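These are the residues of each chain, in order.
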Amino acid sequence: MADLLANIDFLQEGPFSVPRWEALFANIGQLWQGALVTVLVASLGLALALALGTVLGVMSSSQWRIPRGFARGYVEFFQNTPLLIQVFMLYNAIPMLVPGLFIPVIAIGILGVGMYHGAYMAEVVRAGIQSIGHGQLEAALSQGFSYVGAMRYIIIPQAMRIVLPPLTNQAVSLIKNTSVLAIIAGGDLMYAGDSFAGRYGHYGPTYIVVGLLYFLMCFPLARLTRRLESRTRAN
Amino acid sequence: MKKSGLLLLLSLVLVVSAFALAGCGSKEPTEPADPGNEPAAELPAGVQAIKDSGQLRVGVKADVPNFGLLDAATNKYAGMEIDLAYALAERMGLTKDDVKFEAVTAKTRGPLLDNGQLDVVIATFTIKPERLEQWNFSEPYYQDEVGLLVKKSSGIKGLADLDGKVVGVAQGATSRDAVQVEADKAGIKVSFLEFATYPEINAALESGRVDAFSVDKSILSGYVTENSVILPDGFSPQDYGAAMKKGADDLTDFFNEMLAEMESNGDMAALLKKWNLS
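If you're matching them up, the sequences are chains A and B in order. Mapping to the working numbering: the first sequence position 111 is 111, numbers consecutive. Start counting at 1 in the second sequence, then tack on 235, and there's your number in the working numbering.
Careful, some of the hints might be misleading.
The calculated SDA-like cross-link candidates involving lysine to any residue, where the alpha carbons are at most 20 Å apart (straight line), are [claimed, not checked]: (1) B/K400 to A/P15; (2) B/K363 to A/A23; (3) B/K363 to A/P15; (4) B/K335 to B/N310; (5) B/K386 to A/I94; (6) B/K400 to A/P99; (7) B/K400 to A/L101; (8) B/K386 to A/V98; (9) B/K386 to A/N92; (10) B/K386 to A/M96; (11) B/K363 to A/E13; (12) B/K481 to A/P15; (13) B/K400 to B/F470; (14) B/K452 to B/W510; (15) B/K335 to B/L347; (16) B/K481 to A/R199.
Keep in mind the hints are simulated off the structure, nothing from the lab. Treat the numbers as computed from the prediction; the structure is a model and nothing was measured.
Construct all of the structure, not just a fragment, from the sequences and the given hints.
Structural data, given as structure tokens:
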């Protein structure tokens with residue numbers, strides 16, 4: 001076994017050699033720390049995105065002009081500017097405009113991915129609501145439901161089944177997009193990986209492990225998406 | 236009708252530019268190298284291979300004044316390290332036009348050497364023991380020290396004032412360790428934030444996210460504004476060397492011979508003077 005390994009060139013020297021793997025696993029704590037931040041930012045960001053997506057989705061399918069206009073403006077703004085710039089602005093521009101106001105990087109991460117993916121989720125929710133026949137809303141209103149009540153008890157529960165698969169898909173993107181935090185020294189998994197790889201030059205094993213950790217976070221959600229999709233189709 | 240005309244035009248432009256690009260890629264060195272620059276001895280195999288390829292691929296900094304700076308207006312690189320690359324090419328019997336520059340950062344220069352995209356990196360690359368295990372380095376061609384850039388309004392006058400402050404450093408640079416060592420010696424506590432590029436650190440300094448920007452003084456000098464100042468403290472003198480892939484000994488020796496020659500005939504002194512580095 002040892003002989004076999006000794007004959008594999010890329011394990012002996014170069015970016016993927018054994019000593020580099022050993023160095024990485026001796027310091028793996030740094031990556032765990034980063035992964036923890038990523039999980040925290042992703043889960044709170046997801047909660048924010050879902051809340052924003054639902055509210056804005058309902059607003060953009062509403063019959064009133066002002067909430068509809070507001071939701072449209074929000075969605076267009078966040079869908080058509082890069083997340084990277086939004087995050088960079090929150091990090092550097094806000095303290096320049098309002099001296100002394102430093103939003104913590106973790107909060108920037110949560111706000112950044114939450115607001116960005118909230119816009120995408122709003123579109124998913126809007127499409128879901130509009131796919132429920134208008135008759136449902138009219139029937140609910142005729143039974144004395146208020147508009148909000150009709151949405152809350154009649155329309156959204158039905159739309160939920162349709163929008164769930166694309167929403168989990170958004171959640172996967174959201175997790176991966178938390179990696180923009182690396183650019184503002186956010187302490188997330190990508191930053192921890194960059195920092196370690198840059199300091200010691202062991203970038204080969206580092207980025208493989210970092211990629212694997214992201215995969216482990218996203219893959220179960222991607223599988224869930226597939227399951228939900230097939231269930232929706234069955235219905 | 237109008238739309239399809241536009242599409243046709245667009246695809247025409249694409250095709251033409253593709254051809255133009257292909258033309259660039261396969262361009263043979265048409266003019267023979269100046270025989271005056273041809274070394275009398277035969278080139279070592281590792282150097283000959285580069286000469287035969289017709290181009291010398293050099294990783295340089297694009298954002299360090301006097302060392303390697305890309306002029307956005309002319310799209311040309313200029314600096315002391317750029318001139319070293321030209322001298323190396325000419326010594327091989329290539330021309331200046333055969334030098335292909337690639338902008339690198341502290342983080343990208345190692346991988347770009349390892350995967351064979353660059354022949355040599357001349358990019359304010361500090362020679363360190365750990366790095367010598369991974370890459371070949373030439374003899375040093377410049378010595379610099381790590382410095383600190385702070386905002387004048389911060390009132391920071393020296394390293395001692397940095398207690399409890401945040402220092403912005405570049406990922407993959409040696410400045411983090413250098414500042415940490417000095418801070419330990421002075422008995423003060425500093426924390427670090429790492430960024431991928433110098434402009435990002437500078438932006439973080441401007442916005443107050445970091446209290447000091449630390450990197451080699453020569454690099455810092457390019458970021459001084461009327462609002463910021465480089466502290467007099469300087470520590471851990473750093474030797475810059477050209478880096479080559481591990482095992483590229485022919486090229487390393489060839490580069491060292493050139494450096495030795497430049498030292499003895501006064502070319503190096505002239506070069507440093509030209510870029511205000513002496």
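A quick look at each hint next to the structure:
1. The straight-line distance between the Cα atoms of B/K400 and A/P15 is roughly 35 Å, outside the 20 Å bound, and the hint therefore fails.
2. Restraint check: the Cα-Cα separation between B/K363 and A/A23 comes to about 18 Å, which is no more than 20 Å; the hinted pair holds.
3. Proposed proximity of B/K363 and A/P15 is supported: the alpha carbons are some 18 Å apart, at most 20 Å.
4. For the proposed pair B/K335 and B/N310, the alpha carbon gap of about 13 Å is at most 20 Å, so the pair holds.
5. With a C-alpha separation of about 18 Å, the suggested pairing of B/K386 with A/I94 holds against the 20 Å cut-off.
6. Under the criterion of a C-alpha separation no larger than 20 Å, the hint pairing B/K400 with A/P99 is consistent with the structure, at around 18 Å.
7. The straight-line distance between the Cα atoms of B/K400 and A/L101 is roughly 17 Å, inside the 20 Å bound, and the hint therefore holds.
8. Of the supplied pair hints, the one linking B/K386 and A/V98 holds, its CA atoms being roughly 18 Å apart against a limit of 20 Å.
9. Pair hint B/K386 plus A/N92 holds up; C-alpha atoms about 15 Å apart against a cutoff of 20 Å.
10. For the given pair, B/K386 sits about 14 Å from A/M96 by alpha-carbon distance, which is consistent with the 20 Å threshold.
11. Restraint check for B/K363 and A/E13: satisfied, since their Cα atoms lie roughly 19 Å apart, inside the 20 Å limit.
12. Of the supplied pair hints, the one linking B/K481 and A/P15 holds, its CA atoms being roughly 11 Å apart against a limit of 20 Å.
13. Straight-line distance between C-alpha atoms of B/K400 and B/F470 comes to about 18 Å, which keeps the hinted pair within the 20 Å bound.
14. Taking the CA atoms of B/K452 and B/W510, the gap is about 15 Å. The hint holds against a cut of 20 Å.
15. Between the alpha carbons of B/K335 and B/L347 the distance comes to roughly 14 Å, so the proposed pair stays at or under 20 Å and holds.
16. Distance check on the hinted pair: B/K481 and A/R199 sit about 18 Å apart at the alpha-carbon level, within 20 Å; holds.
When held up to the earlier numbered hints, the structure conflicts with hint 1 and nothing else.
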